[in-house]
Each structure stands twice: as structure tokens, then as C-alpha cells.
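*Asks:* Okay, here's what each chain looks like letter by letter:
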Amino acid sequence: MKRVYVNEEWCLGCHLCEYNCAYANSGLKDMVVALKDKKIFPRIRVEGEDRITFAVSCRHCTDPICVKSCIAGAISNRDGVVRIDRNKCVGCLTCVLVCPYGALAPGEDGVMQKCELCLDNACGAPACVTGCPNRAIVYEERSETQ
Amino acid sequence: MKRYVIIGGGVAAVGCIEGIRSLDREGEITVISEEDHPVYSRPLISYLLEGKTDIERMKYRPDGFYKENGCRVFYGRRAVSIDAVSHTVTLDAGAEILYDKLCVAAGSRPFVPSFDGLDTVENKYSFMTLDDALAIDAALFESARVLIVGAGLIGLKCAEGIRGRVGSITVCDLADRVLSSILDAACAAVVQKHLEQNGIDFMLGDTVQRFEGNRACMKSGGTVDFDLLVLAVGVRANSELVRDAGGEVNRGILVDEKMQTTLTDVYAAGDCTEGYDASLGARRVLAILPNAYMQGNTAGINMAGGEKQFENAVPMNSIGFFGLHMMTAGVYDGEMFEDEKNGSIRRLFVKGGRLVGYILIGVTDRAGIYTSLVREKTPLDTVDFDLTKIVASNLIFSQDIRRKKFGGVV
Chain A
5 MKRVYVNEEW
15 CLGCHLCEYN
25 CAYANSGLKD
35 MVVALKDKKI
45 FPRIRVEGED
55 RITFAVSCRH
65 CTDPICVKSC
75 IAGAISNRDG
85 VVRIDRNKCV
95 GCLTCVLVCP
105 YGALAPGEDG
115 VMQKCELCLD
125 NACGAPACVT
135 GCPNRAIVYE
145 ERSETQ
Chain B
-9 MKRYVIIGGG
1 VAAVGCIEGI
11 RSLDREGEIT
21 VISEEDHPVY
31 SRPLISYLLE
41 GKTDIERMKY
51 RPDGFYKENG
61 CRVFYGRRAV
71 SIDAVSHTVT
81 LDAGAEILYD
91 KLCVAAGSRP
101 FVPSFDGLDT
111 VENKYSFMTL
121 DDALAIDAAL
131 FESARVLIVG
141 AGLIGLKCAE
151 GIRGRVGSIT
161 VCDLADRVLS
171 SILDAACAAV
181 VQKHLEQNGI
191 DFMLGDTVQR
201 FEGNRACMKS
211 GGTVDFDLLV
221 LAVGVRANSE
231 LVRDAGGEVN
241 RGILVDEKMQ
251 TTLTDVYAAG
261 DCTEGYDASL
271 GARRVLAILP
281 NAYMQGNTAG
291 INMAGGEKQF
301 ENAVPMNSIG
311 FFGLHMMTAG
321 VYDGEMFEDE
331 KNGSIRRLFV
341 KGGRLVGYIL
351 IGVTDRAGIY
361 TSLVREKTPL
371 DTVDFDLTKI
381 VASNLIFSQD
391 IRRKKFGGVV
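Residue numbers (our numbering), protein chains in the order written: chain A, 5 to 150; chain B, -9 to 400.
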């Protein structure tokens, strides 16, 4: 399946992916209304500083430990895409405790949110990748041995 | 066609069912559930009392889970014995069920010490099951004085869950600190202060000597008058079925890395087991939900003829009280590295060049990176440890490792 992969050498640290993510998941039509003067809670986060930067989002692991560990049964794996039912989440952060990639963080309401590859919002494909000016993140098929 | 039987209907059983079905769609699965409910998320019972969830949202799996997985479920029934020779499980009403592979996922039960006069207390509760929570829910009233015996995870989550619905809460514990199973003394003091600021009173290093109706006479000489008593002293593994069948048990049913007990074709998973704690390097009961699922899943895959080993179980907890989150993992042994800022605490424990445990209070971002260092026994000379000491970040890894993590299928 297609996943988001990182080309760290090409990341400019511009944080556009974070803004595009927050906008895509806001459900709003106007990017200015969605983002201006607001603290954003994107599902992809640029880590690093100075020369080394890279964007981290859910790896959609083949054997996701978050699914096995969620105390509310709120995280599931459907056709390889790891999704969260925010209605069931109680914000215990056990998924943060177990994710080896540090790829999950709570949303503004304290309820967990995660990258679902923009499959259920209006974008249909990861908005972070679409908006990345330098192909520092890509959305493609890679084999397990690559 | 294989006949699988699972004793227990909780999270370990779900892990087992999903493990079996990942390899065998045909075999017959029978689930014996003492609780008269489809599987639900037990750790959510405090959130239920707090009004942060409801019974519908507490369903651990969607309606139709058992049907879709071809399971026959006996609700409200208890297994009374296992005959490992004839491969049969006997139920409470005498029925016998044959199995080819059995998984004992019988969980644990509250441990209730023999307090003098406990029988004189009318309104006393445990806090473990949905039925316990519903009973407490029905008994709460605005001016109620609640005494909780046990300042562990269960007792304190109960306290948080009901704080807004009762008059006062007193928590007592024989230990001299709160959450003694997961926090050291300094961290426990920080958490206790936060709980006190949120209206929970403590009597630590103290225990009930005897009950006289609605009055607890404490060892220290004081008394506590209460309307409701919650007993949250601890839990005991339900290991008797395997012990009586001739299997080895200690504080729980002994299992190997495949979740096999010492009885042929009998597996065990979840809170009833004593498995291997990779951080301690010894056996230990790890009664946490992720462990229950992973053990159950491992058992299921092996029962269905697959090959699966679960070798890196460690204690780990993520828990919050009144907005203060904390995470802990592993053991608190070796050299400690501490970073305290603005009331938050980060304590890392290093032994033999490996991170063996940690305590985080108020700084939990990306803590899973630390957990993975503990679980995978990552040599700390392969990461930037100076950075690790102050932040959980993927920057601690080399570019090569990051390329594998974020450029490959994982």
C-alpha cells in the first residue's frame, strides 16, 4: 500500500506540511479561517533544528503496537491504514507511550488524533505530501525489503 | 477442524481470537465468559463514572465481533475445571467442552484482606469490572463521604472518576506513598500534591485496623467516617484452574515466550499469567492491557499452528489524574539521569549501557521512543544520549537508522 515516506536530506524545515495537514483536517473551506492566529495541531510534525529536519507522521506499521495497546479499542487497522475512532478515545495517551516513532499527539481537545493519509477528508491523498515544495515527503508504494 | 476453547472474555481473549483467525478461518472457537457482557474496555470504568465515556463507547470491539469471527460465546458461565489429559473443560452446570487447544485468559480478581468487622460495612465495593462501576454509580450521592483503601492505579482512578460527584474522598494505603508500584518517592510526592490540590485526602503509611459499620478505625489511632467504601488493595491472578489441572503456577500461571503453560495444549494469557519481564530479566505478573492483548495474540497464533514469540514484555503505564499525565516503563535501577523543569520531571534509568526504565511526569511527548529503547534494549552508544536525557526525539538516532524508520515499510 501507499504510505508517506521521508527524504530527510531534502527537508527545508518550512513546516508547510504541518499547516496543510491542519487545514486538510479542519473541515473548513477557507485556509485563512482554518489557520490564521490559531495554534495548530497537525498530525505530522517537523522534528529537528538547524541543518537536520524531517517530518514525522504515522508509519502505518504492518504490525502496529498502538492498535494492540489502545485501552479503549479505539485504534484499528483497516486494509493497512491505522485509524482512530476519536469518539471512543478517552485521552489516556497509551498510544503515545508505545509508538516507537513518536508519531501520535493529542488534538486541541485532548483527544488523540493521527494521520489517516487524508483518505477520509476532502483531499483523498496526503495533503502534507501534495503541498511539500521539495519532495521531502512522498506518498508511494515501497516494498518491505527496500 | 480444530476446536479452540478460551476461558475468559476480556482483552486477552480478543487477542487470542484475532491471533487464531489470522491463520485459521475454519476452526471452531468457544469462549467462556464469566461476565455477562460482550468484551468491553475495563480500564475505562473510571471514565464511565466521570461521564467521559458510556457503555456503548466502551465496547472494545464492534457489535458482531464474535459472529464475524465464528465464535460461540457462553456468557455468565464459569469454567470449574480443566482435564489436560482428556482435553476437556467442565463448566459450572456440569457441561463438558472438548478442546484441541485451550487458552486460559481468566484474568484476576480483587484481593480483599481480612479486615476485622468488614462484614459490618453495608456499602462496600470493588473497582474492577463494569458491574462494580455500575454498582458504585448507583450508590453515589452529592454529599457522600468515600473511603478508598488502596492508593494504587485502581484506587486513584476511582477517586478521579467520582471526585465531581461526591462530598469527600479519603484514600488510605499501607505504603507511604501513592502509586508505589510505578513511582519512586520523589515523583509520588509530586503526584500526591496534585491530587490533594484536586480535593483528594490521603492517609498514607496507615491502614484500617477494623471497621465498625460506617467507621474505619485506623492503625494510627484515627477514625474515618464514610458512606461508601471502595476496596482497591490489589488483585490476584486467577490461576487455580491450571494449578488444579497440574500446571505450574507461581503468582500467576507460568507461561513461556509462546504463552504455553506447562500443560500440553494449554496456553494462558493476560492478568492470570506470570510471564517474563524483559526489563527486570525475571518473571513477573504484568497486569496491563497491552500485555494482555499481545500475550493473547501470541497464544492464538501458536494455537493455530503458527510461530510467534513474545519476548519483550515490560511494565509500562500511561495514566493521568486531573490533567497531569505521567508515563512509566521498565525498572528503576542503575544510574539515574534527571531533568526537572517547570514542575515536570523526566527520570531515565541506565544500566549496562541500556535504558532500563523511565518516569515522566508532565512531559510525555513522544515517550514511545523511550519505551522502544527499553523494549529493544538499544545500546545507548548508538544514539545521542545527551539529547535523550532532555527530550524524546527521533533526532537521537543516526541518519541511517532514521532512513530505515521513515523511509521503509516498518
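The set of hints was computed from the structure by calculation and includes no laboratory data.
Beta carbons: idealized from backbone N, C-alpha and C, even for Gly.
One or more hints might be untrue.
Taking CB as the label site, the calculated pair distances span [stated by the list, open to error]: (1) M5/A / G157/B: 49 to 57 Å; (2) G189/B / K40/A: 49 to 57 Å; (3) D83/A / L88/B: 35 to 43 Å; (4) D113/A / D127/B: 40 to 48 Å; (5) E366/B / M5/A: 24 to 32 Å; (6) S388/B / D41/A: 56 to 64 Å; (7) E328/B / D113/A: 28 to 36 Å; (8) V37/A / G154/B: 34 to 42 Å.
*Asks:* Compare the structure with each hint and give your call.
*Replies:* Each hint tested on the structure:
no.: 1; hint: M5/A / G157/B: 49 to 57 Å; in the structure: 55 Å, holds
no.: 2; hint: G189/B / K40/A: 49 to 57 Å; in the structure: 39 Å, violated
no.: 3; hint: D83/A / L88/B: 35 to 43 Å; in the structure: 36 Å, holds
no.: 4; hint: D113/A / D127/B: 40 to 48 Å; in the structure: 25 Å, violated
no.: 5; hint: E366/B / M5/A: 24 to 32 Å; in the structure: 25 Å, holds
no.: 6; hint: S388/B / D41/A: 56 to 64 Å; in the structure: 39 Å, violated
no.: 7; hint: E328/B / D113/A: 28 to 36 Å; in the structure: 32 Å, holds
no.: 8; hint: V37/A / G154/B: 34 to 42 Å; in the structure: 35 Å, holds
Of the hints listed earlier, those the structure fails to meet are numbers 2, 4 and 6, in rising order.
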